[in-house]
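Engineer: Work out the full structure: start from the sequences and follow the hints.
One-letter residues, chain by chain:
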Amino acid sequence: MNLITIWACLIGLAILLYVILDGFSLGVALLFRTTHSEEERDIMMDSIAPVWDANQTWLVFGGGGLFVAFPLIYGVVFSSLYIPLLTFIFGLIFRGVTFEFRSNATRKRPWNLAFFLGSLVAVITQGLTLGGILSGTKVVGGRFAGGPLDWLNPFSITVGLALIAGYILLGSTYLIIKTAGIVQERAYVQATRSAWIVLVFQILITIWTALHYPPSLFNWINPPRVYFIWTFPLIGLLAFYKLIISLKKHREFLPFVFSVVFFFAGYLGLIASIYPYFVPPGITFQQAAAQQETLRLTLWGVIIVLPLVLGYTVYSYTVFKGKVGTDRYY
Amino acid sequence: MDVLLLSRIQFAVTTMFHILFPVLTIGLSLYLVILELLWLVTEQEVYYRMYRFWVKIFAINFGIGVVSGVVLEFEFGTNFSTFSQAVSNVFSPLLAFEVLTAFFLESGFLGIMLFGWERVRRSIHFLATCLVSLGAIVSAFWILAANSWMQTPAGYRLVDGRFMVTDFAAAIFNPSLLARMSHMTIASFETSAFVVAGISAYFLLQERYPAVFRRSLGIALIMAALFAPLQVYLGDLSGRQVFKHQPLKLAAMESHWQTNTTGGASFSIVAIPDMNAERNLFSIDIPNGLSLLVTHSPHGKVRGLKEFRREDRPDVFILFWTFRLMVAIGFILLLVMVWAAFLWRAGRLYQNRRFLKTLLALHPLGFLATEFGWVTNEMGRQPWLVYNVMRTEQGVSPVALGNVIWSLSLFLIIFLVVGTSYLYYILKTVKRGPDLSSPIPPVQKPAGMKSLRKARDKTRAETINTTDKRYLKS
Chain A
1 MNLITIWACL
11 IGLAILLYVI
21 LDGFSLGVAL
31 LFRTTHSEEE
41 RDIMMDSIAP
51 VWDANQTWLV
61 FGGGGLFVAF
71 PLIYGVVFSS
81 LYIPLLTFIF
91 GLIFRGVTFE
101 FRSNATRKRP
111 WNLAFFLGSL
121 VAVITQGLTL
131 GGILSGTKVV
141 GGRFAGGPLD
151 WLNPFSITVG
161 LALIAGYILL
171 GSTYLIIKTA
181 GIVQERAYVQ
191 ATRSAWIVLV
201 FQILITIWTA
211 LHYPPSLFNW
221 INPPRVYFIW
231 TFPLIGLLAF
241 YKLIISLKKH
251 REFLPFVFSV
261 VFFFAGYLGL
271 IASIYPYFVP
281 PGITFQQAAA
291 QQETLRLTLW
301 GVIIVLPLVL
311 GYTVYSYTVF
321 KGKVGTDRYY
Chain B
1 MDVLLLSRIQ
11 FAVTTMFHIL
21 FPVLTIGLSL
31 YLVILELLWL
41 VTEQEVYYRM
51 YRFWVKIFAI
61 NFGIGVVSGV
71 VLEFEFGTNF
81 STFSQAVSNV
91 FSPLLAFEVL
101 TAFFLESGFL
111 GIMLFGWERV
121 RRSIHFLATC
131 LVSLGAIVSA
141 FWILAANSWM
151 QTPAGYRLVD
161 GRFMVTDFAA
171 AIFNPSLLAR
181 MSHMTIASFE
191 TSAFVVAGIS
201 AYFLLQERYP
211 AVFRRSLGIA
221 LIMAALFAPL
231 QVYLGDLSGR
241 QVFKHQPLKL
251 AAMESHWQTN
261 TTGGASFSIV
271 AIPDMNAERN
281 LFSIDIPNGL
291 SLLVTHSPHG
301 KVRGLKEFRR
311 EDRPDVFILF
321 WTFRLMVAIG
331 FILLLVMVWA
341 AFLWRAGRLY
351 QNRRFLKTLL
361 ALHPLGFLAT
371 EFGWVTNEMG
381 RQPWLVYNVM
391 RTEQGVSPVA
401 LGNVIWSLSL
411 FLIIFLVVGT
421 SYLYYILKTV
431 KRGPDLSSPI
441 PPVQKPAGMK
451 SLRKARDKTR
461 AETINTTDKR
471 YLKS
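Taken in sequence, the protein lines are chains A and B. Counting in my numbering, the first sequence runs from 1 upward without gaps. Counting in my numbering, the second sequence runs from 1 upward without gaps.
Only true hints are included.
The calculated EDC-like cross-link candidates involving lysine to aspartate or glutamate, where the alpha carbons are at most 16 angstroms apart (straight line), are:
no., chain 1, residue 1, chain 2, residue 2
1, A, K321, A, D46
2, B, K306, B, E278
3, A, K108, A, E38
4, A, K323, A, E39
5, A, K323, B, E118
6, A, K321, B, E118
Here are the in silico distance ranges between beta carbons for each label pair:
no., chain 1, residue 1, chain 2, residue 2, range
7, A, I157, B, R208, 52 to 60 angstroms
8, B, Q258, A, W300, 49 to 57 angstroms
9, B, P229, A, Y275, 55 to 63 angstroms
10, A, I304, B, F317, 45 to 53 angstroms
11, A, T106, B, L178, 46 to 54 angstroms
12, B, K431, A, W300, 48 to 56 angstroms
13, A, V257, B, L412, 38 to 46 angstroms
14, B, Q394, A, V226, 44 to 52 angstroms
15, B, L427, A, L211, 50 to 58 angstroms
16, B, L416, A, T106, 16 to 24 angstroms
17, B, L368, A, I304, 33 to 41 angstroms
18, B, L72, A, R33, 26 to 34 angstroms
Hints listed in this document are in silico derivations from the structure and should not be mistaken for laboratory results. For clarity, every value in this text was computed on a predicted model and none was experimentally measured. A virtual CB, placed ideally from N, CA and C, is assigned to each residue, including glycine.
Structural biologist: Structure below.
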């Protein structure tokens, strides 16, 4: 393992953690309009209020890691995806401020809407970003050389819609853990429905990626990757099956676990089919990487600090474990 | 209008909006640490009530700080990607370390600080407050290291237009970091102290919750009394640092055109600089003032603007005036503290209505001074991105003009909405005042070993009860 590979894995890990952790926070927000009761919305909000900020920080770490390790990709991707990325930020702004404003508001309706729309925009633009990257970026001399709307196509829009379903799955299975009564009952139904939709999208996008992005098809049917790449959809299908069963049996913790595995399988399958081309086509991790000294120094920082971060993140989750109660405080 | 100018305006708008919030986060978190410590040590309920009141303002403020801060990390890539690609080897680790050592720390413990009252022991809660406060300061350290490196770059060599690291320690602890770090940290403490003082004065003027707000004001004034004079000293230190490392910037801040060859350079209290004619259209000067200030000698040589190429000069008018306004505010706040000292000696600190009204009226001044200071700092770096190495126009992203027009317009609208809502909810929270009646969360037992400790806690509770009763009787 060289430094570049380690960094690629680190960024991959950060993005995965972001997708799962902020995924369920955003998912809860996407379900905000499935109830008319402010009390139920309070419960939904309280389930994520203590952790959303820490969840979102994994994105900043992923972005920062990209800037450190692969500045060429950071520069090119952020220029080419200018509009979806800043729209994503606009969404995150409204999502984030709602936590403070809503709890202080007498009229909660505008903030309910801001919370839902902000999160919806953030989710769709994440999908557009991913879809945009997979659609290819025009690069000349290490700089982005395409147009402002290159990322917009049916494929990226489909990925955006798929993410909505995916995050609703994560959000609803998270709510099953954190809530009881009517909110939890509804979450079981929402989780089951969204799981089926996610399955359809996963199959659709897997096939579409292969057609849309030729090297991916090559990896699916040629050695060496043909020997292991098919395990990912198999794991995904198995996780899906277990997910549906656990939802039927009204288990509380397992649906979230299987949703995460389901996501993880899709994520690894995607990486396995496009690695090492992150900005396809033409740029590899090796070409895009930063100076060795930079990679090494920052990696030391990560090795020392990240275990601590993971430690207190787990601690924070144990502090707030259990159903959301009535201890609304601060 | 071109991509470069609009990108600069957008970065200015987003940073100037953002910086308001960290300033209060840094200062108010320190204030909260003090309050919780006082509560734990003295066990006086009033400190708990004070904490719970100020933490509400802290929480709203923190939330806006977080979401407006993420914007900036994105903008390095979206709007200044060429710069980012060129400097990343030296620059990006500083941002990554900020995330690792500060953002995670703040966001990880903020939940416990705000919602953990009934779930953790008091000592853990106090630790959470301390770590959030530490995170805020560490965050400032890294971001100032990055900014200072752009002002006084060190520890690198250029290879084909890319900055390669030669010495990380030198890059982080670049020549202007310590001056800038101390100046900014104390600015945050001082600004926050005056905000707390102003809001406390508001309640004292209305004679609401005097017990809470006398203490609040007292502690804030002690902080302000320490930091106001210190800040004037650190400001001077910063000025001399600029003189040493960025003489052109200093000349522009002082609108000093001609290098003094015989005698000292004079200090202009006010001036109207004319950049085309290379002179001041009008000025009121103190002879030898500038030489005294920056060289500490009446005839010290101070290089004038004319010694530098025209195309390298920053905007003299803006620098001259933003710098002066910042300094003026520093001295106004210092004067208020002198007045406070006299009132304190006369024992009339909480009664003098004119003083309280002044505190209320002046409480936003620290924010203004911070903004003026940053405009001086950043406009003074122009026309460079990395001082004397990479010009601003070389760093902009290859994006379409329409992109930047679109995003800048949306930022303006969103900041208007968010900023207005922020003020509205802060005022609402303040007006509602502290909550003096809700029960204080019980002392939490550590998790596990419950049965074992139960018996011991029971006896202890009885002891405390009897002590309390004895105390109340006496």
